[in-house]
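Student: Model the full structure from these sequences, guided by the hints.
There are 2 protein chains.
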Amino acid sequence: MIKKLINEIKKKNAPIVVGLDPTLAMLPSHLMPKADVSGEDYLEAVGAAIFEFNKAIVDATADLIPAVKPQIAMYEQFGIPGLIAFKNTVDYAHSKGLIVIGDIKRGDIGSTSAAYASAHLGAVDAGGRTVAPFDEDFATVNPYLGTDGIKPFVDVCKSHDKAIFVLVKTSNPSSGEFQDQNLGSTGKPLYEYVGEMVEKWGSDTMEGDYSNVGAVVGATYPEMGKRLRELMPHTYILVPGYGAQGGTGADLKYFFNKDGLGAIVNSSRGIIAAYKNDKYKDRFSEENFADASRAAVEDMLSDIRENI
Amino acid sequence: MIKKLINEIKKKNAPIVVGLDPTLAMLPSHLMPKADVSGEDYLEAVGAAIFEFNKAIVDATADLIPAVKPQIAMYEQFGIPGLIAFKNTVDYAHSKGLIVIGDIKRGDIGSTSAAYASAHLGAVDAGGRTVAPFDEDFATVNPYLGTDGIKPFVDVCKSHDKAIFVLVKTSNPSSGEFQDQNLGSTGKPLYEYVGEMVEKWGSDTMEGDYSNVGAVVGATYPEMGKRLRELMPHTYILVPGYGAQGGTGADLKYFFNKDGLGAIVNSSRGIIAAYKNDKYKDRFSEENFADASRAAVEDMLSDIRENI
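Heads up: the protein sequence lines correspond to chains F and H, in order. The numbering used here applies: residue 1 is where the first sequence begins, and numbers increase by one. The numbering used here applies: residue 1 is where the second sequence begins, and numbers increase by one.
What the hints contain is simulated information worked out from the structure, not anything from laboratory work. In this text, all values refer to a predicted model and were calculated from it rather than measured experimentally. Treat the hints with care, as some may be off.
It does not matter which identical chain is meant; a pair holds if it fits inside one copy or across any two.
[Unchecked claim] List time: in silico DSSO-like cross-link candidates among lysine-lysine, alpha-carbon distance up to 30 Å: (1) Lys96 / Lys3; (2) Lys188 / Lys200; (3) Lys34 / Lys87; (4) Lys253 / Lys4; (5) Lys34 / Lys11; (6) Lys276 / Lys151; (7) Lys151 / Lys188.
Tutor: Below you can see the structure in the form of structure tokens.
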């Protein structure tokens, strides 16, 4: 799968991914749920509205980008209808040739991680019938439980040609509380040790120069990104935190290898809610929100191409 | 919420929780999905079968236990119909007076954790209508992202009278890889530092002697449980790993405080698949699987009451 992602990145000259993390507050008024707020089918209408929003953004940007990254929490908060919208979004992005990174941050003990891996990347034997429930291409995974929580995901990557990004150094302000702790055994911070383990977990999933076990490293910590880039030469890095969270184009150069590859940068709000942003709101009406998203993708691509 | 859990534990003299983690292989033949394996409604039938299995176990054990703990991964692996079975299980357990611990192990950056917290413990404003999508009473939470990933859950605990258990030292074999790393700053292992943070996060959510921010500590590491019990005097401990994973009754005494409280022990397979176990299979037919689960609960209670 990592090879497929790299091919798409090269073809479109676009090491970026659009985060499909919609909220109701982002929806333009013509897409707001079309149902009585007190009716039984209201939540279904919310799910349908979110899916329509995503579809328009996918349609407006699919030729420019290799991948989308729906954040499942934004769908899970609307319950079953929200999760149906998540699944419809995965399928629609696939139908437009996009790779789907499921931002799910799952992770558990071995047998339970195996169930999550089947749910999101692989397939499950449902009593004589094999079903691939959500069928994303990549998933993000939490490493806190160690190797036996990661291995079921790696196994499914091998059996189903999928890939993962393991949380190493996250983009949020308090990520350092645990991740930056220096370990007595080596004097190195925890995130470096996790990074070394990511490189190791990926070692028998190589496709060309990169493995199918990637890492999440926030754009908001460029110096740590630089160090992790060195420590994990075969690891693709998913970089959140660009744009709305404060990461800039100049911060990104450290995350890439000399081959111009090795990283894919996410922007969510900065793209999907671009029409609400001062930079775009004079040029694009609410009805043309998806065109604003396209313009924001083009601006992000310029910024990144200049800096790497 | 922790006070409600403690009251139920005292009333039933039962510091245990039954893990509702069904697999299709556990279902007795008369409950297997009633639909053509190649038909469109087959996965719905799988979800319905799992829910019937859970219902029978809840019916057979509800008077003996304070709580159930469905592991969402086991439902997520069957996609949308599986998640409907999860939600139906939460609601059915509530209708029988049980507290529901959603074993979801979510955790993300602040804004995303807020969405998970709303999804599972709180409610979301869906465009003028407030909806509580899954509405468990407790949720398990992963701490790797630090305070800003935990705080939205703590906020929802306060606003909606709910509670959480944060992963501190998990029951699986490789949990030590990161969790046991000694930190250079203090010489203490990471799990102790996380435990101290759990005690701190809970400090303004106290109800009586305990807070609404609990911890997950595996029965498989009793010595570490002992140390964590001392470090976190106001923290309730959810103890997985008893039974099928190898933890014994004798291992459990360290997890309790002198008041006989402070811990709740989970068993999943050992209870819900008891009818397949050598210990019970001669006494209970496949049709009476739920009675075997009841017997297994009674045996677990005897074992724990002897040891704490």
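Student: Decide, hint by hint, whether the structure agrees.
Tutor: A quick look at each hint next to the structure:
no.	hint	verdict
1	Lys96 / Lys3	within (19 Å within a copy, 51 Å between copies)
2	Lys188 / Lys200	both (17 Å within a copy, 26 Å between copies)
3	Lys34 / Lys87	both (20 Å within a copy, 25 Å between copies)
4	Lys253 / Lys4	within (23 Å within a copy, 53 Å between copies)
5	Lys34 / Lys11	neither (39 Å within a copy, 48 Å between copies)
6	Lys276 / Lys151	between (42 Å within a copy, 28 Å between copies)
7	Lys151 / Lys188	both (24 Å within a copy, 27 Å between copies)
Violated hint: 5 only; the structure is consistent with all others.
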